[in-house]
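Enquirer: Could you build all of it, start to finish, from the sequences and the hints given here?
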Amino acid sequence: MAEKTIQLRVMRYRPERSDDPFYQVYTIPYRDDMVVLDALNYIKDHVDPTLTYRWSCRMGICGSCGANIEGTPKLTCSVFLRDLRRQPVTIEPLANFPILKDLIVDIEDFMDKLLRVKPYIIREKEKPLERGEYRQTQEEVDMFRQQSLCINCMLCYSACPVYGHDDRFLGPAASALAYRYLQDSRDEGGDARIAAIASTHGIWQCTFVGECSVVCPKDVDPAGAIQQLKAMAATKLMKSMLLPLASR
Amino acid sequence: MDRLAYDIVIVGGGAAGLRAAIAAAEAHKSLRIVVVSKVYPMRSHTVSAEGGTAAVLRDYDSYDMHAFDTVKGSDFLADQDAVEFFVRRAPLEVIQMDHWGCPWSREPDGRVAVRAFGGMSVKRTVFAADKVGFHMLHTLFQTTLKYESIERLDEWFVTSLFTEGGKIVGVAALDLRSGTIQAIGAKAVILCTGGAGRIYEFTTNGWIKTGDGMALAYRAGVPLKDMEFQQFHPTCLPGTGILITEAARGEGGYLVNKDGERFLKRYVPEKMELGPRDILSRAIMTEIKEGRGIEGPYGPQVHLDLRHLGEDVIERKLPMVRELVREYVGLDPIKEPIPVRPGQHYIMGGIHTDLHGFTGLPGLYAAGEAACVSINGANRLGSNSLSECLVFGAEAGRSAAEYARSLPSTTILNPVTALAKADESRIFDGLLKREGGESLAAVRSEMQHTMEIHFGIYRSAAGLEKGLSGIRAARKRFERVGVRDKDPFFNTELTSTLELDFMLELAEVVAMAALNRKESRGAHSRTDFPKRDDANFLYHSMAIRTGEGPRLESRAVTITKWQPAARVY
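Chains as they are written, first to last, in numbering that gives the first Met the number 0: chain Z, 0 to 247; chain F, 0 to 568.
Be a bit skeptical, because a hint or two may be false.
Said to hold, decoys possible - Pairwise CB distance ranges, derived in the manner of DEER restraints:
| id | chain 1 | residue 1 | chain 2 | residue 2 | range |
| --- | --- | --- | --- | --- | --- |
| 1 | Z | Ala230 | F | Lys145 | 36 to 46 Å |
| 2 | F | Arg306 | Z | His45 | 35 to 45 Å |
| 3 | Z | Gln6 | F | Lys288 | 39 to 49 Å |
What the hints assert, rightly or not - Sample of chain Z residues with no beta-carbon within 10 Å of chain F, all distances over it, derived:
| id | residue |
| --- | --- |
| 4 | Arg8 |
| 5 | Leu113 |
| 6 | Gln204 |
To be verified - Covered, in the sense of this in silico footprint (three residues per stretch, anywhere, with C-beta under 8 Å from a C-beta of chain F), are these stretches of chain Z:
| id | stretch |
| --- | --- |
| 7 | 10 to 21 |
| 8 | 50 to 62 |
| 9 | 93 to 104 |
| 10 | 168 to 174 |
| 11 | 178 to 191 |
Derived from the structure by calculation, the hints contain no laboratory data.
In this text, all values refer to a predicted model and were calculated from it rather than measured experimentally.
Cβ coordinates follow ideal geometry from the N, Cα and C atoms, glycine included.
Expert: Structure representation (structure tokens):
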């Protein structure tokens, strides 16, 4: 029996050679157990070692290997070729980011935004380690567990039309992480963090399209988190207007 | 070439590297610290650790119990002073992670929860569902963002370590985004680059686990210790090598053969599924060899059965197991058993260090899987490695900080710039321009296949000899590997070539050390020497680089309280 094959149409971008991206079609052997990343690795190992992309864990947790597959942002390690009906399969770098080379995009903008939401526990006073952990019930953990599952894969930014239009927007993952820390009973950094996100290009810019939550491979639901953040920020604003002198 | 200078350069941004960075930053505010990593830190392979991190936190537990479990698990090759140091420090490190926001799973009273783990005599493995490495890595990474003195060079690949006058003076690194070699002056360097599972064909390790730091230290003259000891995890998904956590057994899962029999009763009747990894992996291989394996699309396997745990326990405590098995096998572990087989998972050996992460070369430190202190000896217990990253990462960070502070501010830049120029020429004029007939992927496959066949769970002189010549042949072929992507900018073919160069060097060390150890101990099982031989081999293997390959020396094992005894479970 002849070996089955599949065609991949991969967007290439080689800034040292040309300013223009182009598409290259590769025809490679196909097996039912192959994911898109396996196909890219087959190309790199056996057809074209110049094809450039990021990957590491190939189990959907390191967040390196995002790309647009048939126009939808996905982890390439999590999409089976057998589930892709149309050929050739088009693979492009994640949208809304500057492309560095082939499928590799520049995510420095997210790294800056992550820093802005202060994604760490802030406390007025630290409890000495010798006195043990901060007690938390499982229910308290569950208040932020979902948002703590973000793998920073950037699929949500790639899917977000607001970010695509204006990259000053704080965006889904960074907002979700802000929410994650605000909801953590160990944290006391609420005011500083809300001040950082409730700005013109912060959460208010979100128009609740919800695509971020649709494409999220870890069900983090950034769109839901942003709505919650808006409510928290509005409450804080109301309180500050109504009770200027009272404790907030 | 830019000239960068720091007090402390940390190579690798996984749990050990990030913990080291924070410890150094807290030791002295004035220190300039940089984490140099070939990937963004949150991509580091710590992210894939699943089951938990061990620490004595309960009244029913004690330091001596944790230490003895670890020493017995190590088949008495661990240094007992290191193990005692480790178990005493692990609890506060786990609490520290809580204070930094790690979403630990909880007991009803709000304390961090503990679960059972292989080779641990009581429940002492702290967890955050079954995404422990992921949560620890992101917690540590996000916490580093608090510290202004911690800088990062993301997607920089360190190519060489530099010494002058017997001291570390810096590193050279390939900045992927500019496609240039940069000189980085440093008073101290901490290597936290993880293991080298990618020297094998079938491994749970990610693509980035290529042993870079081990090879860098070895080339700088530091011995590699106990490299023959490779851990094969009993439960990996056939085909992909994806890890199914030991927590699945800690929570009560069964291993069964084709007759549906819990076969471990013939091997570790007292511990059953909670036996140590080396023994369980051998038991699976024996079942398969004796015809009780289950034929699968990737060869014989056994089953990990979680069905009796029920949906609630699986969803709450093992959500990632369910996610991975559904996605990559197309089965739901609530309804069907999971096909598994052993695969390379961890290297007990690594860069020789003392209790403080010091390698013996002034200014050079190491921690985490890259290092060998040694607390793991011939077989690591599951959930000790994340704690090891915390305890010894922090210790290496503090030691490096103290050392860096003790040095005067000097013009360490000049030698580094000149040395990095030489590296630039080696890589850009040598490797990148090389037009060889050999394919990088073919040579890598040959190395991985050779390691898989000859340096696996069972070993023998004939196979090891054959394997060693195979590795040497692959090294010869490597000299003719050409790089086809000639653009310096973000050249992952070039970094893969550098990685293969590192891995081939390490594979040779593993091979020589395995040949030299004519006994069976822990994860090193020689069919021609089936017994442990304390009279002749109760020592660490120390591999020192020479022009003709590794020279092997031995180093005594430190015994404090526990004399070597038969290892029965």
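Enquirer: Are the hints correct? Go through all of them and say.
Expert: Evaluated hints:
The hinted range of 36 to 46 Å is not satisfied by Z:Ala230 and F:Lys145, whose Cβ atoms lie roughly 27 Å apart. F:Arg306 and Z:His45 have their C-beta atoms about 40 Å apart, which keeps the hinted 35 to 45 Å range intact. For the hinted restraint 39 to 49 Å between Z:Gln6 and F:Lys288, the CB-CB distance of approximately 42 Å keeps it satisfied. Look at Z:Arg8: its CB is around 20 Å from the nearest CB on chain F, clear of 10 Å, so calling it non-interface holds up.
Consistency note on Z:Leu113: stated as away from chain F, yet its beta-carbon is not over 10 Å from all of that chain's, at 7 Å minimum. Remark: the non-interface label on Z:Gln204 is consistent with the geometry, its nearest Cβ contact in chain F lying 23 Å away (cut-off 10 Å). Counting residues of the stretch 10 to 21 of chain Z whose C-beta lies closer than 8 Å to any C-beta of chain F gives 4; at least three are required, and the coverage claim holds. Beta-carbon proximity to chain F at under 8 Å applies to 12 residues in the stretch 50 to 62 of chain Z; the threshold of 3 is reached and the given coverage holds.
Beta-carbon proximity to chain F at under 8 Å applies to 3 residues in the stretch 93 to 104 of chain Z; the threshold of 3 is reached and the given coverage holds. Only residues whose beta carbon comes within less than 8 Å of a beta carbon in chain F count, and the stretch 168 to 174 of chain Z has 0; fewer than three means the coverage is violated. For a cut-off of 8 Å, the count of residues in the stretch 178 to 191 of chain Z with a CB near a CB of chain F stands at 4, and the three-residue condition holds.
When held up to the earlier numbered hints, the structure conflicts with 1, 5 and 10 and fits the remainder.
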